[in-house]
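Visitor: Place chain H on chain P using the hints.
So the protein sequences, as listed, match chains P and H.
Note that the numbering used here has the first sequence beginning at 1, numbered continuously upward.
Note that the numbering used here has the second sequence beginning at 1001, numbered continuously upward.
You may find that some hints are simply not true.
Restraint-style ranges between C-beta atoms, simulated for each label pair [as the list claims (entries may be wrong)]:
(1) H:Arg1269 with P:Gln320: 49 to 57 Å
(2) H:Asp1268 with P:Gln55: 44 to 52 Å
(3) H:Glu1262 with P:Ile369: 50 to 58 Å
(4) P:Glu214 with H:Ile1231: 54 to 62 Å
(5) H:Ala1234 with P:Trp130: 50 to 58 Å
(6) H:Asp1008 with P:Asn211: 24 to 32 Å
(7) P:Glu186 with H:Met1001: 51 to 59 Å
(8) H:Leu1006 with P:Lys246: 28 to 36 Å
(9) P:Glu214 with H:Leu1270: 33 to 41 Å
(10) P:Ile369 with H:Thr1147: 27 to 35 Å
(11) P:Gly209 with H:Met1001: 31 to 39 Å
(12) P:Thr114 with H:Arg1113: 25 to 33 Å
(13) P:Asn211 with H:Glu1262: 35 to 43 Å
Quick caveat, the hints were computed from the structure, so don't treat them as lab data.
The C-beta atom is built at its ideal place from N, Cα and C for all residues, glycine as well.
Take a look at the letters that make up each chain.
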Amino acid sequence: MSSRKIKLMQGNEACVEGALYAGMKFYAGYPITPSTEIAEISAQKLPYVGGKFIQMEDEIAGIATAIGGSIAGLKSMTATSGPGFSLKQENIGYAAIAEVPLVIVNVQRGGPSTGLPTAPAQGDVMQAMWGTHGDHPVIAICPSSVKETFYETVRAFNLAEKYRMPVILLTDEVVGHMRESIEIPEPGEIEIYDRLRPETDDQNYLPYGVNDGEIVGRMAGFGEGHRYHITGLFHDETGFPSNSTKNAGVMLDHLMSKISNNTDEIITFEEYLLEDAETVVLSYGSTARSARSAVNKLRAAGHKVGMFRPITIWPFPEKQVVELSKRVKNIVVAEMNLGQLVLEVQRVVEGRTKVHHIGKANGEVVTPIDIIKKVEEVL
Amino acid sequence: MDNNQLVDQYFRKDRLPHIWCPGCGHGVIMHSIVKAIAELGWDKNDVVVVSGIGCSSRAPGYMDFNTLHTTHGRALAFATGVKLAKPHLKVIVISGDGDASAIGGNHLIHASRRNIDITTIVFNNNTYGMTGGQYSPTTPTNEFGTTAPHGNIDAPFDIANLAGAAGATYTARTTAFHMNQMTTIIKNALEHKGFSLVEAISVCPTYYGRKNKKGDAPQMMKWLKDTFIDIKVADKLPEEKRVGKLLMGEFKNVQKPEYTEEYHKIVDRLSGVK
Chain P
1 MSSRKIKLMQ GNEACVEGAL YAGMKFYAGY PITPSTEIAE ISAQKLPYVG
51 GKFIQMEDEI AGIATAIGGS IAGLKSMTAT SGPGFSLKQE NIGYAAIAEV
101 PLVIVNVQRG GPSTGLPTAP AQGDVMQAMW GTHGDHPVIA ICPSSVKETF
151 YETVRAFNLA EKYRMPVILL TDEVVGHMRE SIEIPEPGEI EIYDRLRPET
201 DDQNYLPYGV NDGEIVGRMA GFGEGHRYHI TGLFHDETGF PSNSTKNAGV
251 MLDHLMSKIS NNTDEIITFE EYLLEDAETV VLSYGSTARS ARSAVNKLRA
301 AGHKVGMFRP ITIWPFPEKQ VVELSKRVKN IVVAEMNLGQ LVLEVQRVVE
351 GRTKVHHIGK ANGEVVTPID IIKKVEEVL
Chain H
1001 MDNNQLVDQY FRKDRLPHIW CPGCGHGVIM HSIVKAIAEL GWDKNDVVVV
1051 SGIGCSSRAP GYMDFNTLHT THGRALAFAT GVKLAKPHLK VIVISGDGDA
1101 SAIGGNHLIH ASRRNIDITT IVFNNNTYGM TGGQYSPTTP TNEFGTTAPH
1151 GNIDAPFDIA NLAGAAGATY TARTTAFHMN QMTTIIKNAL EHKGFSLVEA
1201 ISVCPTYYGR KNKKGDAPQM MKWLKDTFID IKVADKLPEE KRVGKLLMGE
1251 FKNVQKPEYT EEYHKIVDRL SGVK
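For reference, chain P alone in the conformation it holds in the complex (with noise of 0.2 Å):
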């Protein structure tokens, strides 16, 4: 018999419960709905494990904050909601370009601006991708329950620390307040991985001179005894700024590849009841909660209808649409705004197949009959 506690919580709730399994030690944040719990939750519990905790200023000064923990060596997380996002965006770039491992968790709410602070939303699905300047990679990160934010949260931070890069978590509020149970792993029983650190006698150190067979350049924690500098110019191995568009090049390559060569290993996905599909159901987030429930009605009156999942939104599932829009008739793209990853769908199928759209951004779930009668429509 297992002995794994069960436990019943919300989903930002298994959020912390999931940091803290991955080994955060670091949290700098500003409280907004429906993100705070995680603030809070945070704010207790990481003394006792010996991590630090800090309400900041803002939104920005969150992230900054957060930042700076993690180059002095902690693994660092910090959490928000919509308009808090976006205020945070020119230091996701930062993240991304000085290559500092962080997790942040973005709990959607109705947007634009303020927009409706306690109703769920997916308005942030191609902010995640787009929202700061310049190219960068992304890894986003959309779980549909309250367990899946526990382990999906872990993953989290395991990407973040291997690919040494800002990895968003992108909830929503349906999935952040509603209460299952869950049971909690034992320590050891999921992988932890913790950025790889140079040897102790690396003369000639290089924050970002990448080993063979190593995917990013080694870690060093400011403090630990080698010196270099970060910025958030484009720099060469060494850390420092160059000018140089032939360095340029050779580091956004870098930046790019890290992720492009890995997507198998990134990418998630769930199938459900896809063998035999002809209309697919794609749908993620609290969202694909109710996409469930009506591919299981729309099979129970005959229809040969799939769900297909995407729990690793960015990068985007491309293979795998690509060869649903090689056999089934129809993707019907549900999701909690007004058209976001319709548009990877649209982009990535490239006419093969038909691409329809069922979304909502006023502050109410699509729900299973808003599905059902759009896919019924499509049939």
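Guide: Just chain H, lined up with the frame of chain P:
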């Protein structure tokens, strides 16, 4: 330690020469910071120098410590993360007047309020140098900048006293002319436990000086010499002799609970260590 030894031991010689214009006062301030650290004998591995964006903020790249060049205005927030994560580190922030008090003004007052043990050195040249001479929060009223071609109507900040009012426990002002005093003040600030701020008045002959007909670098330095008087001296002077003078020296030096120590008291209490 003579200057050659200082450069050998504390600067990244392969990163020099620096990018600053001829006549810029920033090199003097950077020199004072390094000299203060050398005199304190700190282990270079324990020193972290953080900056934002602007002319002054390129200084950390030349200095052989753990150095972090961040986003505009956010140096203090990054530095707060480093310090809270590893309180044994000696964390120094280098910031310009715009970086510290315009875009970074919120972080400045809150770092002051927290009294976190960080030393901030503001390189104040009264202008936005890197973008070409726009008016800054410390450009005096009626002076000129490329974005104040008809005269600046804003009132300037007094950065040292702003920080003091917000809760910084050590504040001081000094100038690029008064180099020995600057080194002493920076040393005092570095040794102070709590949030310390040194407003180091620099000169920018290239933009600010030229726009405001303040002459070349030596003339601007002479202006610093003739205009700034130590607050202790000023206190003893009759009113008429203080007209037109600006104050430098230590403005505030008090002890209050320090942020990272207070946080660790909570950690110790909860983990049952003490």
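Visitor: For each hint, tell me whether it holds in the structure or not.
Guide: Evaluation of the provided hints:
no.	hint	result
1	H:Arg1269 with P:Gln320: 49 to 57 Å	holds, 51 Å
2	H:Asp1268 with P:Gln55: 44 to 52 Å	violated, 20 Å
3	H:Glu1262 with P:Ile369: 50 to 58 Å	holds, 54 Å
4	P:Glu214 with H:Ile1231: 54 to 62 Å	holds, 56 Å
5	H:Ala1234 with P:Trp130: 50 to 58 Å	holds, 55 Å
6	H:Asp1008 with P:Asn211: 24 to 32 Å	holds, 31 Å
7	P:Glu186 with H:Met1001: 51 to 59 Å	holds, 56 Å
8	H:Leu1006 with P:Lys246: 28 to 36 Å	holds, 35 Å
9	P:Glu214 with H:Leu1270: 33 to 41 Å	holds, 38 Å
10	P:Ile369 with H:Thr1147: 27 to 35 Å	violated, 57 Å
11	P:Gly209 with H:Met1001: 31 to 39 Å	holds, 33 Å
12	P:Thr114 with H:Arg1113: 25 to 33 Å	holds, 26 Å
13	P:Asn211 with H:Glu1262: 35 to 43 Å	holds, 41 Å
Hint check: violations occur at hints 2, 10; the rest are consistent with the structure.
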